[in-house]
Each structure stands twice: as structure tokens, then as C-alpha cells.
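> What follows is the residue order along each chain.
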Amino acid sequence: NAGVTQTPKFQVLKTGQSMTLQCAQDMNHEYMSWYRQDPGMGLRLIHYSVGAGITDQGEVPNGYNVSRSTTEDFPLRLLSAAPSQTSVYFCASRTTQGYEQYFGPGTRLTVT
Amino acid sequence: GESVGLHLPTLSVQEGDNSIINCAYSNSASDYFIWYKQESGKGPQFIIDIRSNMDKRQGQRVTVLLNKTVKHLSLQIAATQPGDSAVYFCAEDLNTGFQKLVFGTGTRLLVSP
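Chain order of the listed sequences is A and B.
Last residue of the first sequence: 112 in this note's numbering, with the numbers rising by one and none dropped.
Last residue of the second sequence: 225 in this note's numbering, with the numbers rising by one and none dropped.
Bound conformation, chain B alone (with noise of 0.2 Å):
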């Protein structure tokens, strides 16, 4: 069925630069997206989402690129801290109205000082 996928399982990177973590979907259909923020022992964290007529939105920090062309969605995360160490998964609604929401394998990020 269709899927929501992911290109690294583990992303390691210094405390101040900035990190890039990107998803595949496969569901042209989709039209609302979101990336979420699991820390060790704990339930996802809504981090930011963006619907399928956007191609960017920022945040506190963080910024979702949508590039619907090649079905493409990458967070970047600026001057990353020790803090964003966590796995992030994205999420993509197949047009159900936020019923259902089909969630990515997820990228662990780590930041080391």
C-alpha cells in the first residue's frame, strides 16, 4: 500500500549546524503533512505541518520544505542543539480529513557538543 518513507535512518551532527531530515511519499493524493518529534520514552511531539498548496513554511527554528514534483518533504532544523537529539517522523493524511494519518519509519537525529 502506499507509504510514507524515509532516506536516513540516523543523522549525526555537531551542536550549531544546521541538519536536514528528508522523507519520500508516494501518495500524490496527500494533502496534508506534518513532522513530528519522538524523544527517548515519550509519545510524539507535533512539530510543524504544512498542507500540499505550500511549498514552505518556517517555525521556531525549523522550516518544512514540500517539493510536489518529485513527492519530496524535508525538515531543516537551524543551530541544532543538544535538546533535538530524538527520532522525527514525518506524516502524511491521504485526503481522509485527518482521519487517518500514515506515519514514516522515522530518522534518529543525533547532536553531539
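If we strip away everything but chain A, and leave its shape as in the complex, we get (with noise of 0.2 Å):
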């Protein structure tokens, strides 16, 4: 199993392009979440789906949008950048029964 992979590993933007940070995984998991990780700060979760067609906001959303068309793939959009969504961005996925949270290599963004 290759687990939960992210594309690209690092992207830069200018402000108010719009572009898609990919998220895929293997196992099967319903659950999936897309976390931002800034210096000093803990992770913190953007968005999350519990299963196909189904998405929920988490503490950060907004300037992102996510949707989930299949069990393997939970994109990550990003409408318009700005220079406060420049961060290391992480995927993870984990069953809905268990706790375990296998996490993404992460995406290094710059927006300029």
C-alpha cells in the first residue's frame, strides 16, 4: 500500500490564483481531513469527510473548499490565494471506527 500520498510536495502562488492540492489513499478509509501546519502552532483541521458525499467544516475552512466524489481522493481547492494560506498543508485519512490517523508526507505552500 503506498498510504496516503499528496501532490504536489511544494507549490508557491500568486495571490488570488486559484489551484487544487491533491490527497489519495489506499486503504480503503472512509475519513479523510486536511489539516494546515503553521510555526508555532499545532495542526489545525480545515475540512473532513466521513465518507463519499459527505464534508464538513472544520476549525479553519474558510478560503478552502473540499469535496469527496470517491472513497480514494479528497481534494483540497483553494479559491483565491492569499500570502495567509502560505503553510504546510496535511492530509490524513483513518476508518471511521478506529482512532489511528495515517497522515500525508504534507504540501509546502508559498503564496506571494
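For the record, the hints were derived by calculation from the structure and aren't laboratory data.
Where is the CB? At the ideal position from N, CA and C, for every residue including glycine.
Do not rely on the hints blindly, as some may be mistaken.
[Claimed, not checked] To spell it out: a stretch of chain A is covered by chain B in this simulated footprint if at least three of its residues, at any positions, have a beta carbon under 8 Å from a beta carbon of chain B; those stretches are:
(1) 37–44
(2) 49–63
(3) 103–109
Put the two chains together into one complex; each comes in its own frame, and the hints tell you how they fit.
Take a look at the structure:
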């Protein structure tokens, strides 16, 4: 199993540009989530999904959209990038009954 | 809002020592706690968890202690090795059925040979 994969690893955007961060898992996990990690702060939940077709907001959802059309994929869309969205983004997955989340390697995003 | 915090941002130990990483939480309704390890350039990795109805749980070389009276969580690593060098996060589930975890800011553990 590849586990949780994220692409790209690095990305630089200009203010106002849009892009999609990709996340995929091959463990048939129902629950998937996106976090952002900023220096000096813990991971903060952006959006999560408990299954295909079901998404919900986390702690910091503004400026981000998600959709879950398949069990495997959970893309995160930045609608109009802002410098405040400069961060490292992590995708994670687990079964709905379990508690052990498996994290991807992260995407480092810089918005200039 | 409610948050999970840490007492020490950096902990330096010698190889072979026992390490203790502390975490304070503020929400008495939290019913589940997790410790994660994050190595440089990687995503967090699950280490060990504990439910609020337990005081102690042991894993391989790691022990988590929960003191609900003072809302304190600790991670003990026995015989610390250079490979244990990483940032350690505690996280709590605010009774959301594992839907939403709140993470602490992290403690960096540095192990010197």
C-alpha cells in the first residue's frame, strides 16, 4: 500500500491564483481530513469527510473548498490564494471506527 | 477557545536517558488523547493514545499518563535514542467521536549521543 499520498510536494502561488492540492489513499478509509500547520502552532483542521459525498468544516475552513466524489480522493481547493494561506498542508485518513490517523507527507505552499 | 498546550517547547536529553514530554489540556469534556511524532519533513505519526477512563497506558518504550484532576497528559520515552529526535504533539478529541482533533503546539525532543 502507498498509504496517503499528496501532490505536489511544493507549490508557489501568486495572490489571487487558485489551485487544488491532491490527496489520495489506498486503504479504503472512510474518514479523510485536511490540516494546515503553521510555525509555532499545532495542526488545525480545515475540512473533513466521513465518506464519499459527505464533507464538513473544521476549525479554519475559510478560503478552502473540498469535495469527496470517491473514497480514495479528497482534493483541497484554494479559491483565491492569499499570503495568509502560506503553510504546510497535511492530508490524513482513518477508518470511521478507528482513531489512528495516517498522515501524508505534506504540501508546502507559499503564496506571494 | 479550548486549546491544548505544552509546557516545554524544546527538550534536550542524552541517549539512553528517559524523556518526559508534558501537555496541558483545558477541556474537561475531552474523552480521548493521542500523542504524535513528527520527524523533519514528514507528516505526523501516531505513537500512542489513551481514553479518559484510563490513567496510564504503555506501548513499546512509551508510556502515556493522564491526570484528569489537573488536566495533564505526559509522554514518557524510555531509553531515548537518536531516532526519537522529533517534534511531539498531543491532541485531544473534544468529545466529537474522533471527528475533530485539537492539536497542541508541539515539543521538540533533541537526543544527543
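> Taking the hints in turn, state whether each one holds.
Evaluation of the provided hints:
With 5 residues carrying a beta carbon less than 8 Å from a beta carbon of chain B, the segment 37–44 of chain A meets the three-residue requirement, and the given coverage holds. Only when three residues or more bring their CB closer than 8 Å to a CB of chain B does the claim for the segment 49–63 of chain A stand; here the count is 4, and the claim holds. For the segment 103–109 of chain A, the proposed coverage by chain B is satisfied: 4 residues have a C-beta within less than 8 Å of a C-beta in that chain, meeting the threshold of three.
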